[in-house]
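Residue-level listing of the chains:
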Amino acid sequence: MSEPITRRRILVDYRIQASKCADCGRTYFPPKFFCNTEGRRSRMNLVDYFYSRGTLTSGSVIRKPTNKFLHVGSFMAGIVSFKDGNVRVPGRITDYAPPDGELDVTRFIGKGVVPRFRRLYMDGSQGLIYYSSFNFSFEDDYYPYQEYVKTEPPNASERPGIVGYGVYLPKFRIRSEDESGLGVRERTVPFADEDTTTFAVEAGKRALIHAGVDCRYMKKCFVGSESTPYAVKPSMSTVCQALQLGEEYEGGFFSGGIDSQFACKAATDLFIDAAALVAYPTFGGEYVMVIGSDNSQADRDDPLDFTVGAGAAAYVFGKRGVVATLDHYVPYTSDTPDFYRRDGQKYPRHGGRFTGEPAYFKHVGTAMKAALKVSGLTPKDIRFVVCHSPNAKYPYLAALEAGFQKEQIEPGLVVRYIGNLYSGSSPTALATVLDMAEPGDRILMTSYGSGAGSESYIFTVTKEIERKRERSISVKQQIESPHKEHVDYNTYRKWKEMS
Amino acid sequence: MNAPTGWKAKPHAAIIGAGRTAFGEQWYKDPEKLLMEAGIGAAESVDLGLRRRDIQACYFGSFLYQATNKLGLVPGYMARELGINIPMSTTEAACASGGSAFYNACIAIKSGTYDVVLVGGFEKMTDRSSKIIDDLMFAADPHEFDAGFTFSGLYAAMMAKYIHDYGRGDRRCVEALAQIACKNHHHAVNNEYAQYRREFTVQDVLKSPLIADPIRLLHCSPISDGAAAVILAKPELAKKYTDTPIYVIGSQQTTDDVSLCTRESLTGIKATRLAVGKALKETGLSMENLQIAEVHDCFTIEEAMFLEDSGFYERGKAWEGIYESYESFKFSKHIPYAKDGQEFIVNPGGGLKADGHPVGATGVRQIHECFKQLRGEAGKHQVEVDGDLNLALCHNIGGTGGIAAVHVLARDIS
Chain A
92 MSEPITRRRI LVDYRIQASK CADCGRTYFP PKFFCNTEGR RSRMNLVDYF YSRGTLTSGS
152 VIRKPTNKFL HVGSFMAGIV SFKDGNVRVP GRITDYAPPD GELDVTRFIG KGVVPRFRRL
212 YMDGSQGLIY YSSFNFSFED DYYPYQEYVK TEPPNASERP GIVGYGVYLP KFRIRSEDES
272 GLGVRERTVP FADEDTTTFA VEAGKRALIH AGVDCRYMKK CFVGSESTPY AVKPSMSTVC
332 QALQLGEEYE GGFFSGGIDS QFACKAATDL FIDAAALVAY PTFGGEYVMV IGSDNSQADR
392 DDPLDFTVGA GAAAYVFGKR GVVATLDHYV PYTSDTPDFY RRDGQKYPRH GGRFTGEPAY
452 FKHVGTAMKA ALKVSGLTPK DIRFVVCHSP NAKYPYLAAL EAGFQKEQIE PGLVVRYIGN
512 LYSGSSPTAL ATVLDMAEPG DRILMTSYGS GAGSESYIFT VTKEIERKRE RSISVKQQIE
572 SPHKEHVDYN TYRKWKEMS
Chain B
64 MNAPTGWKAK PHAAIIGAGR TAFGEQWYKD PEKLLMEAGI GAAESVDLGL RRRDIQACYF
124 GSFLYQATNK LGLVPGYMAR ELGINIPMST TEAACASGGS AFYNACIAIK SGTYDVVLVG
184 GFEKMTDRSS KIIDDLMFAA DPHEFDAGFT FSGLYAAMMA KYIHDYGRGD RRCVEALAQI
244 ACKNHHHAVN NEYAQYRREF TVQDVLKSPL IADPIRLLHC SPISDGAAAV ILAKPELAKK
304 YTDTPIYVIG SQQTTDDVSL CTRESLTGIK ATRLAVGKAL KETGLSMENL QIAEVHDCFT
364 IEEAMFLEDS GFYERGKAWE GIYESYESFK FSKHIPYAKD GQEFIVNPGG GLKADGHPVG
424 ATGVRQIHEC FKQLRGEAGK HQVEVDGDLN LALCHNIGGT GGIAAVHVLA RDIS
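Chains A and B are the protein sequences, given in the same order. Residue numbering for the first sequence follows this note's numbering, beginning at 92 and increasing consecutively. Residue numbering for the second sequence follows this note's numbering, beginning at 64 and increasing consecutively.
Careful, some of the hints might be misleading.
As the list claims (entries may be wrong) - Here's a subset of chain B near chain A, in silico, CB distances under 7 Å, partners left out: (1) Phe-212; (2) Lys-270; (3) Ile-274.
Claimed, not checked - Some chain A residues judged to face chain B by a derived CB distance under 8 Å, without partners named: (4) Phe-120; (5) Pro-121; (6) Thr-146; (7) Thr-148; (8) Val-152; (9) Lys-155; (10) Gly-169; (11) Pro-181; (12) Leu-194; (13) Thr-469.
Honestly, the hints are just simulated from the structure, not real lab data. Just so you know, these numbers come straight off a predicted model, no measurement behind them. Heads up, the beta-carbon is just placed ideally off N, CA and C, and yes, glycines get one too.
Bound conformation, chain B alone (with noise of 0.2 Å):
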């Protein structure tokens, strides 16, 4: 255990199972199929069983279902899936679709309604991937689309001020933005379910096709299709269910405009922040305690703005701490960022980044690799640590900050 001496820790909920779908394009397979496909794995993946009359309320999270899709009313069509008429709701924010509808389960649970639940998340980006584009700007303000903006423009907008006023003409920093992209591609070769599973050099990633300078193609996480799901109970039900629950002890979500240019800052993601500082307050946790997260690498330069506001580097520093981990560990089963002899493991399985990034999937998707993890049972792409592995973080961002979702799990909480 990796937490201070005499830590303990409130759950808000257990985790008793997860499951996914493979991340891609899965053009034979409607957004409910996909959906179902990663909660039946969900529930079949509870160890001591768990019948379809023990969920007693589901909550679901996407983002494009209705412009993908043509499709409306979630509920509706997961209770003819499931067979019962349970309460279901649909949460829409965006890239974070799946961790706000996480989030709203634990409050369901920690409300003490209900016993069991379930979070799916899914995504059918391929579909309509001739408008994609288009459609992804619903997540930003309509003045970013009108002056001409697409996603990777305004994180590259981002990218460019990041490297304007940290890198200060240092090439480092540049690279230190591909590296990135090599490690969460390096992550995701062993995992069975990601999109991507291949290596890329710094080199690949700087001469692939420029899409938003400075973006290119491999700083970018790619249009998926997918789904995930977990199931979720009240912690003192857990072991009913497994000998191996993953507690939440932590869950925040907060807010910020929707618009990138009236924020705070254009490097750093206030709603980030705010989310984490909350998550580990109420833990009782520091970033020096976390062994693993799964960060919203949408784009290369979001991970790197993570670990600043996160805190786990200084503002402005990151590159450089990633520059050197990188340099230090390429040739390692994961590739940890160090700082003062502490190792964290960002994106075991890949990330958005290679493990794809089917927008309301990836917030639960998130969940279940932490969740696999800190159970031992990520088969080939399992984070080895000294000791125990116990604490992960969940980290989900819609829009371009405009809302964020940050989870705690402990394996361990006494």
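Pulled out of the complex, with its shape left as it was, chain A reads as follows (with noise of 0.2 Å):
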């Protein structure tokens, strides 16, 4: 598919996109320019069912599929009815692997399904890399409908802070078979068509619903990782189109952003970015995105292959509607030459136990031991201490050399049943306090990315975390669904090499 093919389809398929007659109210798939009953002189507008929940009509089982969906293996397609305008649209229903006997597909005709935005296959190991929303997942499966209501927020609180988040963490799961006592349990895996950008999307969405915030006034977007799937081509591009970031003009957005780059604290490090431009007078925004998503990438036989996870955490930030106040940050860095890749290599490499006691030691404990000096403030006041986790041990014995509990640690190491999610790491171990604090508690958060540096966060929680916590699907729902998948060795590497 060529470039200017592609940017037209994008305008249409991120966000299920079709045209309503504004008289009659007939909806059309894909969007036309005039209503079939009204005429040529119709005024149609554009609606779309990116937050939609659609309906399975019918199905098949795609067991010899066209070349550019060989990766997927087998999979279900169907054709999904929105009610809502009594629209069909046509769908690869994801996350979901048939079985190699005939599927009974009219047992699925009727079921609810959740758009999920996906990639749908790339030209070549060069090309384009394609992606959609036309992919969707059973709504009574891992991953239930959630509705986006723009809620009006209250008025601005002296500190900006975390005004809503999300955390999104793929079905499939490894379960460990490491003997080295990193603590690490179980691991997301991400699903043939998942990577970094789709992590970040399905985070920053859920961040939105979490948050209620009018995506028009998000502008700015971070979305920092180290897997990104292009070298050259913003991941915060695509987000921001799918999620609309910004006052739409012309198919583009009124909004901006970066890619950032420092290992695990690409996204981390610019919390405070995002918290000082909402509370900048000129900004011109009221919020900003920040996201951290990682394929975490490791060779066959390097330890970290039996660390590293997949997933994505996405914050939104702002002055209005704030659940938790940013009110400390420390950074520290140094050219510590820990964990690196270099330009078109595939895998990292890293300095084996020197990536402990100089590289992530040295800088977690330095900054977190500044905030507490800084703040005034000593452990005891802190209620939840959370680290970037490439491991289980290493947060634990960081913040214990600091100076807190076992209790205070222990809730945000859910590194244990996800792995190492590099740039998503302390963001998601953040949520998960987040997503259990009372107002008032405070939490200190620590990143680290190699090469080396750290910064410290201390964010107090607000009463606003408690309308909006029923607006969240939790860290520990993801970690305890019913309907998570485990797959196999050989699996977890080849979709993850997909990705």
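Take the two lone chains and join them into the complex the hints point to.
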């Protein structure tokens, strides 16, 4: 497919766009310029089904796919109807591997389905990567349907902070076979059609739903990652287009942002920038989104291959409807070459035991202690402490060494169940404790990025968190979901390397 | 004659000759050579003789030649092969390319512009078989391709919906959709041109490899190479070329959304319903008057839907008629569909299912088959009916129903 064709298709495909007659209400997919009933003078408005719930009208199990979809194996394709507008669209059922024997497709007719932003296929190893939302998961499966309700936020608080957040963990898991004592029992695995950009969109979608803010007022978006699908071409612009961040104008949006890179702290480093921007008088926008997303990379036989996971966490920063104010920030950086990946190389390298003491512990410990000093707080003033979690051992030891107790550390140690999410690691740990935090709780988060640097943030939770709690799919829910599926090592490697 | 008493028809055109190649994998022949073989066969079948210079125009139908064989400008190739420089055009209408080319040729004859034209359909699908599943999806909306659908997948979605809505858990519905394959393979056993001349049982069909559940391999028409051609003449001139012309008395083409998901129904083809309705109205006939039909059974569900779209069976009831007919007549030479004492033989040569489905050739091959049947020249697979065999219908659709070409042929029009 060519670049111009791709651009045209993006406008329809990212949001399941249709056109609706303003006079009779008849809706058309793909969008049409006039209504068949009302005639050529009809007024048509664009609508989309990005946040809608659909119903599977019929489908089939594709056993002999086109060459473009060979990588997915056998899968179900279906025709999905949206009640609102009586529109039907084709879609692929994702996160579902049909059995080898015949599947009675008729049993699936009438099931509820939810659109998911996923990768379709790629033009070889050098061409474009195609995404769409014409991929659906079953509503009664791993991802429940969530409504996006834009609410009028309360008046601005004194301090900016987190207005909403969302974590996206893929449905599939691998049980860890590691006996090294790093404490990672289970890890998230991307499906064959997922990558860092699709994680970012899904996490961003959840953050918008949780925040309940109008996407038009999001003026900046940062996507931090070390596994972006393109070496040059931002994931941020895909996120912006799919989530419609900023005021829309001729198919584009009045918003900005970048992809950032600093190993595992590519996203958290920008929390302070996001908070600063929304407080800056001439910023001209209400909110900033920061997403940490990674399909964490590790070569076969690398010890990292026993700990890497996949997923994303997204945060919306603003001044209105704040669930946790950002109170203190302390960064710490040195040129320490503990972990790196040269341009064009597929997997990172690292310095063995060197990655611990002079790298992780030095930076995390220094930032954490400095944050306590700057804030004038002691460990007892903090309810939860979360750190970047390459495994379950490092953050535990670092926090203990800074004077924290087990009960302050344990709640955020979700790395045990999801693995190391690289840029998504400390943001996901933060979301886990926010899911259970109460108004007035203080949270100390310390990130770490190889190369090397850390930053510590101290947040204070507000009453607003209780109002928004029901809009969240918690990290715990995702970890404990009865619908998660375990895959074997070969499937894990295959899917991970496709992403 | 099976027509109503006092019935008369005004023909659009007369078919005076027909030829075809065998269908199947023909790796040793270029597409234009296949078309020539069929065209020469058609010309030489004209009883009283036809000279090349009698042909005033050519209408070709093909779908994928640009993708499968990297060629375009079919008229240029055929001008070279035929050695004549007359008007020629190529119609692309996916699987209905042949039927649509024939439709255009009928208009040309009816308009009075030409006295004699050649219609040819061809396809060369096996030359790039590794990408043919992708290429066939040119005839679907790109969103259907991007949803991972294949053509078998789209028809499987129709079949699943049909079984869900009308079968309602009755196993006979599933068996009926397999019986269609068994019937058409049975019909093809004596067809010398057919790609698959062997019998299959219902169990063979239901145990064949899954392609797109619920569709299995033996529910599908094959990937084929082949060509077919017919010669059309002005009705008034037909007897100059043959003593037994076959008249085209109904010629209709209708269209609908390219995409299956946006159509009115997943269990019927609107374009078929409209085209058959118009053709019957045009000819003053009803389905009860028809004795044989060549129906577009690219997948068996499509034949079942035709039986309902045409009105032969009630909506949702075709599977019952198919099941009962098959059980009653499965040991006959041809297995008819029965209704109220009427017997209606569908796909007497095996249809797309067993005769083969070189996409652009199919619509013309259907005309060839009915021409031969109505003239009593179908050889070992000649249909035998009580009385004269006089009326036949050809039904050719493109994509999943984005276009339909329906033609009614008659041997005796008064």
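For each hint, the structure was consulted:
1. Phe-212: Interface hint status for Phe-212 of chain B: holds (5 Å vs cutoff 7 Å).
2. Lys-270: violated (10 Å)
3. Ile-274: holds (5 Å)
4. Phe-120: With a minimum Cβ separation of about 6 Å from chain B (threshold 8 Å), the hint on Phe-120 of chain A holds.
5. Pro-121: Nearest chain B Cβ about 7 Å off; hint holds.
6. Thr-146: At 13 Å from the nearest chain B Cβ, Thr-146 of chain A fails the 8 Å test, so the hint is violated.
7. Thr-148: holds (7 Å)
8. Val-152: holds (4 Å)
9. Lys-155: At 5 Å from the nearest chain B Cβ, Lys-155 of chain A passes the 8 Å test, so the hint holds.
10. Gly-169: holds (7 Å)
11. Pro-181: With a minimum Cβ separation of about 4 Å from chain B (threshold 8 Å), the hint on Pro-181 of chain A holds.
12. Leu-194: Nearest chain B Cβ about 5 Å off; hint holds.
13. Thr-469: violated (57 Å)
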